[in-house]
Amino acid sequence: MSKSKNKVPFKTRFYAFLIPLFAGLISAILVKYYVFTPVHIPNQFMEPTLENGSTAYFNRLFRSKHLGIGDVVLVRSPLDPKSVLIARIVGKPGDTIYVQKRMVFRNGALLDPTSFPESASNDIPMIPPGKTESDDMPKLTVPEKSFFLLADNRELGVDSRTLGVIQEGHVIATLW
Numbered sequence: 001m002s003k004s005k006n007k008v009p010f011k012t013r014f015y016a017f018l019i020p021l022f023a024g025l026i027s028a029i030l031v032k033y034y035v036f037t038p039v040h041i042p043n044q045f046m047e048p049t050l051e052n053g054s055t056a057y058f059n060r061l062f063r064s065k066h067l068g069i070g071d072v073v074l075v076r077s078p079l080d081p082k083s084v085l086i087a088r089i090v091g092k093p094g095d096t097i098y099v100q101k102r103m104v105f106r107n108g109a110l111l112d113p114t115s116f117p118e119s120a121s122n123d124i125p126m127i128p129p130g131k132t133e134s135d136d137m138p139k140l141t142v143p144e145k146s147f148f149l150l151a152d153n154r155e156l157g158v159d160s161r162t163l164g165v166i167q168e169g170h171v172i173a174t175l176w
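Take 1 as the starting number for the sequence shown in full-length UniProt numbering and just add one per residue.
Be aware that one or more of the hints could be misleading.
[Said to hold, decoys possible] The calculated BS3-like cross-link candidates involving lysine-lysine, where the alpha carbons are at most 25 Å apart (straight line), are:
(1) 65 to 11
(2) 65 to 32
(3) 65 to 139
[What the hints assert, rightly or not] Label pairs and their calculated CB-CB ranges:
(4) 6 to 51: 17 to 27 Å
(5) 12 to 167: 46 to 56 Å
(6) 66 to 163: 18 to 28 Å
(7) 23 to 93: 41 to 51 Å
Just so you know, the hints here were simulated from the structure itself, not pulled from any lab data.
Every value quoted in this text rests on a predicted model; they were computed, and no experiment measured them.
Here a beta-carbon is modelled for each residue, glycine too, at the ideal position from N, C-alpha and C.
Starting from the given sequences, assemble the full structure and let the hints guide the process.
The structure is reproduced here in structure tokens:
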């Protein structure tokens with residue numbers, strides 16, 4: 001038997017396999033961390049939408065002008081740039097927000113209660129220590145290029161009621 005004259009050298013076959021594999025691996029890493037950001041949920045602030053201990057994926061490719069009321073966003077904390085928060089947008093620039101008897105009002109109208117899903121479990125306290133039945137917040141008008149955010153689990157969550165309005169530049173990503 002004679003050897004085939006069309007035999008491809010090992011080095012060429014190796015590179016033909018390695019280069020696409022390497023390009024695919026680099027592309028997957030770039031997409032995972034710069035397009036779809038995985039975030040481990042460390043607390044109950046967004047329950048039941050995002051369960052404690054689960055992983056949520058956030059989309060970094062968004063336009064702030066397309067963000068709407070009810071969108072869940074990942075934001076950089078205005079107090080500590082190294083920490084991030086997850087909350088729901090309830091106020092856009094120009095909106096007037098206030099809380100009266102634990103009810104949220106936007107532009108004078110009661111915010112739809114279905115905007116904040118209720119937990120099916122009873123392990124989240126209804127009124128945690130330090131809060132009162134009438135945990136009110138005075139009227140606040142959201143300035144330009146800012147958002148007013150609330151956690152779904154408002155009793156435990158850290159949001160715009162304690163941090164103030166969040167600048168548009170602090171929004172990192174939206175929930176996928």
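To see whether the hints hold, each was checked on the structure:
1. Annotation: proposed proximity of residue 65 to residue 11 is violated, straight-line Cα distance about 51 Å (limit 25 Å).
2. As the CA atoms of residue 65 and residue 32 are separated by approximately 24 Å, the hinted pair is consistent with the 25 Å bound.
3. Among the hinted pairs, residue 65 with residue 139 is consistent with the structure: their alpha-carbon atoms are about 24 Å apart, no more than 25 Å.
4. At about 58 Å, the beta-carbon gap between residue 6 and residue 51 misses the expected band of 17 to 27 Å.
5. Residue 12 and residue 167 have their C-beta atoms about 54 Å apart, which keeps the hinted 46 to 56 Å range intact.
6. Here the CB-CB span from residue 66 to residue 163 is close to 23 Å, well matched to the stated 18 to 28 Å.
7. Between residue 23 and residue 93 the C-beta distance comes to about 42 Å, which sits within the given range of 41 to 51 Å.
Figure legend: structure checked against the earlier numbered hints; hints not met, in rising order: 1, 4.
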